[in-house]
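**Q** Chains as they are written, first to last, in my numbering: chain X, 1 to 435; chain B, 1 to 126.
No lab work stands behind these hints: they were computed from the structure. Watch out, some of these pointers could steer you wrong.
[Unchecked claim] Here are the simulated lysine-lysine pairs, DSS-like style, with alpha carbons at most 25 Å apart: (1) X:K410 to X:K382; (2) X:K18 to X:K28; (3) X:K410 to X:K435; (4) X:K435 to X:K382; (5) B:K22 to X:K232; (6) B:K2 to B:K110; (7) B:K118 to B:K22; (8) X:K435 to X:K281; (9) X:K274 to X:K165; (10) X:K297 to B:K110; (11) X:K229 to B:K22; (12) X:K299 to X:K343; (13) B:K22 to X:K243; (14) X:K281 to X:K415; (15) B:K2 to B:K122; (16) B:K110 to X:K261; (17) X:K165 to X:K176; (18) X:K299 to B:K110.
[Claimed, not checked] Some but not every residue of chain X turned toward chain B, in silico, with C-beta under 7 Å: (19) T49; (20) H200; (21) K299.
Where is the CB? At the ideal position from N, CA and C, for every residue including glycine.
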Amino acid sequence: MTVFYFLAAFLLIRRLVKRYKLSLIYPKWASMLSTATWVIIVIYIGISTTLDHWAADILGAAILLGLLQYVDREPDFDLQKPYLQANYPLVAIGFINGLAQLMAENFYEKYSNYFQLATLAAFVWIFSKFANSNKQEEALRLAAERKAELEALVSARTAELVKQKENLQEIVEELKATQDQLIQSEKMASLGELTAGIAHEIQNPLNFVNNFSEVSMELIEEMTEELEKGDKEEAIAIASDIKQNLEKIRHHGQRADGIVKGMLQHSRASSTTKEPTDINKLADEYMRLSYHGLRAKDKSFNANLEMNLAENLPLIDVVPQDIGRVLLNMFNNAFYAVQQKSKTHGAEFKPTVAVTTTAQGTWMVITVRDNGTGIPDAIKEKIMQPFFTTKPTGEGTGLGLSLSYDIVVKAHGGKIDIDSKEGEYTEFTIKLPLK
Amino acid sequence: MKILVVDDEADVQPLFLQRFRKEIRNNEFDFSFAQSGEDALNYLHSSPSEVVLILSDINMPGMSGLELLSHIREDFPTPPPPVVMMITAYGDEENHRQAMERGADDFLTKPLDFNLLKEKLKTFNE
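Modelling step: build the complete structure from the supplied sequences, incorporating the hints.
**A** Structure, rendered in structure tokens:
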């Protein structure tokens with residue numbers, strides 16, 4: 001039975017070779033392990049041919065024990081401990097076998113079958129452990145591989161996410177810059193729409209300035225004639241007419257001046273200076289600008305403008321060009337809505353845009369109402385969103401209402417309400433705090 | 001000759017009164033003013049046969065000059081129908097075509113050349 005101890009030792013060494021063949025520590029052990037393999041074989045042949053059974057058994061068990069102890073103490077082979085333990089029963093049985101044969105030969109002979117069976121059982125135990133732990137190790141190895149794969153995957157994903165996050169941050173920065181540009185171009189776009197209106201609005205006062213100054217020159221000539229004739233009364237009457245004309249000239253000059261100033265304010269990048277502002281004047285100015293702007297594009301278009309402006313309204317602290325922009329946007333939308341409706345309805349449709357100002361409690365309330373196409377329920381929720389527009393591509397930026405919302409609600413602490421019935425009317429209510 | 005001037009700008013009134021100061025004094029022209037198409041129609045209905053010549057702006061809030069022109073041609077066909085001259089700041093083809101189609105006698109652009117207008121009015125007066 002001596003062969004089993006050497007077989008066990010042989011298996012252990014082969015196992016170490018197999019397990020560590022691919023590991024980093026293998027070169028350190030390679031020659032020693034292969035030497036050990038041969039040494040075991042040689043010792044086995046030597047012992048089995050020269051010694052008695054009992055001595056061969058004890059020596060075999062001792063060699064196996066020594067090998068086990070050696071491997072057990074070697075930290076490189078820590079993982080093999082469970083397997084090593086499976087070898088000890090065989091070692092113990094080896095010693096018992098040897099001693100039994102030496103000291104109780106008869107007894108051993110009588111029960112040799114049992115001794116052999118025990119040896120075989122111990123070896124089978126080792127072998128089963130060997131096979132079993134092979135499977136376990138295979139499973140562990142697979143699990144470790146899988147884990148490594150997962151870890152690699154996780155770190156790859158993490159890197160990807162970090163990169164995406166950085167990209168997104170860049171995009172957000174770009175978007176912010178683009179938004180600022182868009183706000184500016186929305187201002188410029190609405191200014192562009194206004195140009196014709198502005199031209200018309202400036203042309204009218206300029207005509208008056210020119211006409212009244214020409215007529216005043218004629219009047220002065222007449223006055224001189226009257227004075228020469230000695231008709232002092234008539235001369236005084238003419239003088240008062242001239243004075244009136246000069247007032248008209250000044251009035252219309254200021255009118256043009258106000259329009260140009262308003263236009264400059266409108267195009268200026270951004271000012272956040274709040275100043276006491278006459279809302280009625282602002283509403284009147286921008287209503288006209290908007291109307292004439294649209295008329296310049298569509299000359300057949302005509303609408304009733306209703307201005308219900310409450311008298312004696314207090315001035316309120318707002319950024320005039322911003323609120324002007326809001327009103328302009330509301331008026332432009334209103335005129336657009338009635339214009340669209342008048343295209344489909346005949347002459348019986350009377351396009352009307354009305355602006356009303358009142359003071360209610362602590363609020364200044366401005367309503368802009370039109371009897372145009374109205375807002376379908378389906379899009380009511382969306383109209384304040386940036387870039388939402390019902391206009392054909394290129395005609396609207398989709399920023400008008402969203403900017404208006406920002407200006408009224410965020411910058412001025414006010415409110416915007418919408419009331420509309422599709423096909424009938426739309427009414428925007430802007431509330432601004434009086435103080 | 002009675003002339004009705006229709007324009008939404010109120011200052012048109014003193015301007016015309018002064019520009020035609022001499023003519024008014026010599027009773028050549030008599031001006032009335034209306035600030036909208038609706039006002040003008042009301043005025044014409046209240047004194048149908050007085051007005052000989054109408055000068056109307058086209059671009060006015062509410063009833064436009066062109067609509068007013070159509071109403072005048074419908075409501076006052078009795079001979080002699082009033083002479084109607086249209087005035088606009090937008091001296092474009094479309095307005096001109098429409099004015100002529102609706103029966104305008106003349107088409108003027110702003111800024112008005114008052115000397116030219118005077119000449120024209122005088123030819124109608126003769």
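**Q** Where does the structure disagree with the numbered hints, that is, which hint numbers, in rising order?
**A** 4, 9, 19
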